[in-house]
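Novice: Chain residues, written in single-letter form:
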Amino acid sequence: MSLPEPVRSGLRAALPLAVTALPFGLVYGVVVAGSSISPWVGLAGSWLVLAGAAQISLVELIDAGAAWPVAIGTALVINARLALYSAALAPAFAAFDRRWRWSLPYLLTDQAAVLAVAEYRHRRDPVERRLYYTAAALLIVVFWWGGSIVGVLLGASLPNADVIGFAVPAMFLALLIPALDSRPTLVAAVSAAAVAVAASPLPSGVNITLAALSGIAAGRLALGLGPSQSREVPA
Amino acid sequence: MSPLLQIILAGVGTYLLRLSFIGLSARLGTPSARTEATLGLIAPAVLAAIIADQLFVGDDGLVVQWSWWIGGVVAGLVAWRWRSAGITMGAGLVCVWVLDAVLGL
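Chains as they are written, first to last, in our numbering: chain F, 1 to 235; chain P, 1001 to 1105.
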């Protein structure tokens, strides 16, 4: 019995990104192993929060004895971008049954969101869209869980964490570059990058959210300035 | 508050962020063309912000990390030329490994 085509497409598109979720999970596992937090509690973060940068921040702040509103609030600020992805996918998810609309967001990651947005430009059937997203998102999450577990087990014995850590920006570059298919998207990206660096003195995560919102605003201005509106967007 | 409870609360909050617009999507109606075009800007803006933060910002402000910067340029060029996530990440990682572990940059 073969898998449905949307599932196979989702798995195929997500595989290289899922492979990169593995070293990211490793890095998180190493952070947990080096903290005073129980490995089981740390691993629970990979199930409950399911967002690498926020999990690392959360564990580090808990380990440092930060007040709980600071630890939780920082994690949520870092994850605020997920609400933007939620907005980007909402028009497509509106066609899903209620049970899928409420359950599938649990699997929403940067990688899954970007893959789905790109795929939905030409895949219009709601069932196919749901199958594609579910397959891709689930594969990424499984690799993330696997990496977290291995990272906790290996701990500080992990070789050359600096090189492995570069897998994360490299993965995001692999997602970003193909998405720059019009002048407004280019303006949005360049503006967001500039604001992220300029706003670096702000608390962790705040600069990213501020930069993303600034980039969207700049891109929106560019939408109204010229004829370069060739991209199709998910409906 | 125990670490587990903090992680649970962060998990619940994160789920609500993921759910936010999707949960309301059935009531939002069909977006206008301009709204759809704006939604298409979200991914490039968020990704660029994350990349810039990782390449240029450390715990104590701006950081100089030549191996990551050069690796970023190489990965970007490879992504633009080949449009393959696997090739992009492979090229970037090999570049950073050579610069970092071999050349000590």
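These are calculated hints, taken from the structure and not from any lab test.
Hints are not guaranteed to be accurate.
Reference excerpt, derived from the structure (chain P facing chain F, CB under 7 Å, subset only) [what the hints assert, rightly or not]:
#: 1; residue: 1006
#: 2; residue: 1061
#: 3; residue: 1064
#: 4; residue: 1066
If you want the footprint, here are the derived chain F segments under chain P, 3+ residues with CB under 8 Å [what the hints assert, rightly or not]:
#: 5; stretch: 35-48
#: 6; stretch: 103-110
#: 7; stretch: 128-141
#: 8; stretch: 188-200
Just so you know, even glycine gets a beta-carbon here, dropped at the ideal spot from N, CA and C.
Novice: State for each hint whether it applies.
Specialist: Tested hints:
1. Below 7 Å, beta-carbon pairs count as interface contacts, and residue 1006(P) has one with chain F at about 5 Å; its hint therefore holds.
2. About 6 Å separates the beta-carbon of residue 1061(P) from the nearest beta-carbon of chain F, less than 7 Å, and the hint is met.
3. Residue-level restraint check for residue 1064(P) is violated (minimum Cβ-Cβ distance to chain F is 13 Å; threshold 7 Å).
4. Restraint check, residue 1066(P) versus chain F: the minimum CB separation of about 12 Å is more than 7 Å; hint violated.
5. Residues of the stretch 35-48 of chain F lying with their CB closer than 8 Å to a CB of chain P number 7, which satisfies the three-residue condition for coverage.
6. With 5 residues carrying a beta carbon less than 8 Å from a beta carbon of chain P, the stretch 103-110 of chain F meets the three-residue requirement, and the given coverage holds.
7. By the rule of at least three residues with a Cβ nearer than 8 Å to a Cβ of chain P, the coverage given for the stretch 128-141 of chain F is violated, with 0 such residues.
8. With 11 residues carrying a beta carbon less than 8 Å from a beta carbon of chain P, the stretch 188-200 of chain F meets the three-residue requirement, and the given coverage holds.
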